[in-house]
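Work the whole structure out from these sequences, hints included.
Each chain is listed here by its residues.
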Amino acid sequence: MGTPRIYKTEAIVLRQRKMGEADRVLTLHTLTHGKLDAKAKGVRKTTSRMSGHLQPLNRCMVQLVQGRTMEIIAGCETLESFQPLREDLDRLSRALYAAELADRFLAERVEAVATYRLLQETLRHLQGDADVDLVLRRYEMKLLEHAGFRPELDRCLGCEVPMGPQRNFFSPMAGGTLCPSCGAGTAGSRMLSADGLKVLRLLQRASYKEIERLNIPPALAQEVERHQRSYIACVLERDVNAAAFVERLRREQQRLEI
Amino acid sequence: MNEHPTTAAAAPVARLIEEFHKLPGVGPKSAQRLTYYLLRMPAAEARALAEAILEVKERITFCSACQNVTDVNPCRICASDRRDRTMICVVEEPLDILALERSGSYQGLYHVLHGVISPMDGIGPEELKIEELLSRLRSEEVQEVILATNPNLEGEATAMYLTRLLRPLGPKVTRLASGLPVGGDLEYADDVTLSRALEGRQEAQG
Ligand SMILES: [Zn+2]
Ligand SMILES: [Zn+2]
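For the protein sequence lines, the chains are U and D, in the order given.
The first sequence begins at 0 in numbering that gives the first Met the number 0 and counts up one residue at a time.
The second sequence begins at 0 in numbering that gives the first Met the number 0 and counts up one residue at a time.
Be careful, since some hints might not be right.
Looking from chain U toward chain D, a few residues come up when the C-beta cut is under 10 angstroms (computed) [stated by the list, open to error]:
#1 Lys17
#2 Arg43
#3 Ser92
#4 Asn240
#5 Gln252
Dumping the calculated DSS-like pairs for lysine-lysine here, alpha-carbon to alpha-carbon at most 27 angstroms [claimed, not checked]:
#6 D:Lys21 - D:Lys128
#7 D:Lys28 - U:Lys40
#8 D:Lys128 - U:Lys17
#9 D:Lys171 - D:Lys128
#10 U:Lys7 - U:Lys17
#11 U:Lys17 - U:Lys40
#12 D:Lys21 - D:Lys56
#13 U:Lys44 - D:Lys21
#14 U:Lys17 - D:Lys56
#15 U:Lys17 - D:Lys28
#16 U:Lys38 - D:Lys21
#17 U:Lys40 - D:Lys21
#18 U:Lys17 - U:Lys44
#19 U:Lys17 - U:Lys38
#20 D:Lys56 - D:Lys128
#21 U:Lys44 - D:Lys28
#22 U:Lys44 - D:Lys128
#23 U:Lys17 - D:Lys21
#24 U:Lys38 - D:Lys28
#25 U:Lys208 - U:Lys197
A short list of chain D residues far from chain U (calculated; beta carbon distances all over 10 angstroms) [said to hold, decoys possible]:
#26 Lys21
#27 Ala42
#28 Arg46
#29 Ile52
#30 Leu53
#31 Gly114
#32 Glu131
#33 Ser134
#34 Gly199
For the record, the hints were derived by calculation from the structure and aren't laboratory data.
Small disclaimer: the values here were computed from a predicted structure and weren't measured.
For each residue, glycine too, the CB sits at the ideal point set by N, CA and C.
Here it is, written out as structure tokens:
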């Protein structure tokens, strides 16, 4: 079944860029048609009634018209603006990271309802009481799973023995864990502590509710983040831009606390 | 094979198309249209345009204080003794200064960031003229910094970031009042709206 020339769908605005005099091109994660680019005409003019609805991270109902090169946004209404994210730089930076990651993992125009719901749920939880970085780690795990890159964390990818509660290895290239004897000789593999493995596994199966109660020491959080980020960089074959800003905020925060 | 639109054209034509294509907001089709327009233009007019471009590059620099584009350094606003030197209004682009000056309701100094923080595009604080702003605050008698970045997500993110950075240095940090529609660009705002936004500015959130 083809898509009708004019259709309505729910969408989360992932990003935007300026185009021409007063237009913007928006990358939308739509509920029904996956990720697609759509042009919003005249939204940089202060008289535009659409511009406020089309801010990145907004969840809205959009009316799209198929154009020659890309969809054109004919109408739009905000369903959820995630205002608390916009008023707190720590939350906002994480939300932007989440949106960029979705953009990088999604293929154009491939329906991805599970990813849509995950992103929506993640943006909501970034507004709450949970540690924002743990919310991101859980999001990364789920997103990897939806995209077909669920890392192996139960067995050694070299010899298939079940992972024991000792120091093991994590190999981004292999896509998961290696036992001490297989991992030691594998290029690019990194030491994975027993607690690190526990946290990674927990992130893989826990709900956001369970994450909210979690409180892990900074060094362990760093280890887990390092493994997940190197794995994601390996899958995407690039770094995620917004990660640099998140890191900078964290660094500057620490400097103030000392 | 799909032929690239410029390869069919003569080399100098192709080169001009490529050059236009590098400009912001100019797609491949607009680049071709501009080029073919120039081809039909009288030689004298084309020369005047080329000279205007060269003159801008040779004579216009950035003000060492506020970073605005200027032909004298410091710029006329920074050098004026009629401006209130206790206030700095921080904007994204030089065009925003034009809009605020047109409104006639601001008498202080400015600072141009030359961009806005855009984490997803990899544009961080280090790409903006933030260090220059900090050093002005350390050496000048500034009592208030007004953050006049655009009322959109990136403008707000930049304002929040600057608030964190500037507040420990002492000055009052304020943000233009809402009333500017979210998502609209400052440079398109009318004078009345801008004046109201300036008058109603409030303590910024960090
Ligand atoms: Zn093994
Ligand atoms: Zn100046």
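For each hint, the structure was consulted:
Checking U:Lys17 against chain D by beta carbon gives a least distance of about 7 angstroms; that is within 10 angstroms, so the hint holds. Hint on U:Arg43 holds. Least Cβ distance to chain D is approximately 5 angstroms, under the 10 angstroms limit. Evaluation of the U:Ser92 hint against chain D yields a held restraint, the C-beta minimum of about 6 angstroms falling below 10 angstroms. Satisfaction of the interface hint for U:Asn240 is found here, the shortest Cβ-Cβ separation to chain D being roughly 4 angstroms, below the 10 angstroms cut-off.
A cut of 10 angstroms between beta carbons decides the hint on U:Gln252: the least distance to chain D is about 9 angstroms, and the hint holds. Between D:Lys21 and D:Lys128, the direct Cα distance comes to roughly 23 angstroms. Compliance with the 27 angstroms bound is thereby established for this hinted pair. Among the hinted pairs, D:Lys28 with U:Lys40 is consistent with the structure: their alpha-carbon atoms are about 18 angstroms apart, no more than 27 angstroms. With a CA separation close to 21 angstroms, the supplied pair D:Lys128 and U:Lys17 stays within the 27 angstroms bound.
Restraint check for D:Lys171 and D:Lys128: the C-alpha separation of about 20 angstroms stays at or below 27 angstroms, so the hint holds. With a C-alpha separation of about 24 angstroms, the suggested pairing of U:Lys7 with U:Lys17 holds against the 27 angstroms cut-off. Pair hint U:Lys17 plus U:Lys40 holds up; C-alpha atoms about 10 angstroms apart against a cutoff of 27 angstroms. At roughly 17 angstroms between alpha-carbon atoms, D:Lys21 and D:Lys56 fall within 27 angstroms of each other, so this suggested pair holds.
Using a Cα cut-off of 27 angstroms, the hinted pair U:Lys44 and D:Lys21 holds, with the two alpha carbons roughly 24 angstroms apart. Distance hint between U:Lys17 and D:Lys56 is fulfilled; the C-alpha atoms sit about 25 angstroms from each other, no more than 27 angstroms. For the hint linking U:Lys17 to D:Lys28, the alpha-carbon distance of about 17 angstroms falls within 27 angstroms, and the restraint holds. Between U:Lys38 and D:Lys21 the alpha-carbon distance is near 21 angstroms, which keeps this suggested pair within the 27 angstroms criterion.
As the CA atoms of U:Lys40 and D:Lys21 are separated by approximately 22 angstroms, the hinted pair is consistent with the 27 angstroms bound. In summary, the hint linking U:Lys17 to U:Lys44 is supported, as the alpha carbons are separated by about 12 angstroms, within the 27 angstroms threshold. Restraint check for U:Lys17 and U:Lys38: the C-alpha separation of about 10 angstroms stays at or below 27 angstroms, so the hint holds. For the hint pairing D:Lys56 with D:Lys128, the CA-to-CA distance comes to about 20 angstroms; that is within 27 angstroms, so the pair holds.
Pair hint U:Lys44 plus D:Lys28 holds up; C-alpha atoms about 24 angstroms apart against a cutoff of 27 angstroms. For the hint pairing U:Lys44 with D:Lys128, the CA-to-CA distance comes to about 26 angstroms; that is within 27 angstroms, so the pair holds. Restraint check for U:Lys17 and D:Lys21: the C-alpha separation of about 14 angstroms stays at or below 27 angstroms, so the hint holds. Proximity of U:Lys38 to D:Lys28 is assessed by CA-CA distance (about 17 angstroms); at most 27 angstroms being required, the pair is judged to hold.
Between the alpha carbons of U:Lys208 and U:Lys197 the distance comes to roughly 18 angstroms, so the proposed pair stays at or under 27 angstroms and holds. The non-interface label for D:Lys21 is consistent with chain U: the shortest C-beta to C-beta separation is roughly 15 angstroms, beyond 10 angstroms. A cut-off of 10 angstroms between C-beta atoms confirms that D:Ala42 is not in contact with chain U; the least separation is 29 angstroms. Every beta carbon of chain U lies more than 10 angstroms from that of D:Arg46, the smallest distance being close to 27 angstroms; the non-interface claim holds.
The Cβ of D:Ile52 sits about 20 angstroms from the closest Cβ of chain U, beyond the 10 angstroms cut-off, so the non-interface label holds. Non-interface status of D:Leu53 relative to chain U is upheld: no Cβ of that chain comes within 10 angstroms, the nearest being about 26 angstroms off. Under the 10 angstroms C-beta cut-off, the non-interface status given to D:Gly114 relative to chain U holds; the minimum distance is some 12 angstroms. Listed as a non-interface residue, D:Glu131 keeps its Cβ farther than 10 angstroms from every Cβ of chain U; the least gap is roughly 18 angstroms.
With a least CB separation of 18 angstroms from chain U, D:Ser134 remains clear of the 10 angstroms interface cut-off, as annotated. Every beta carbon of chain U lies more than 10 angstroms from that of D:Gly199, the smallest distance being close to 16 angstroms; the non-interface claim holds.
Checked against the numbered hints above, the structure breaks none of them.
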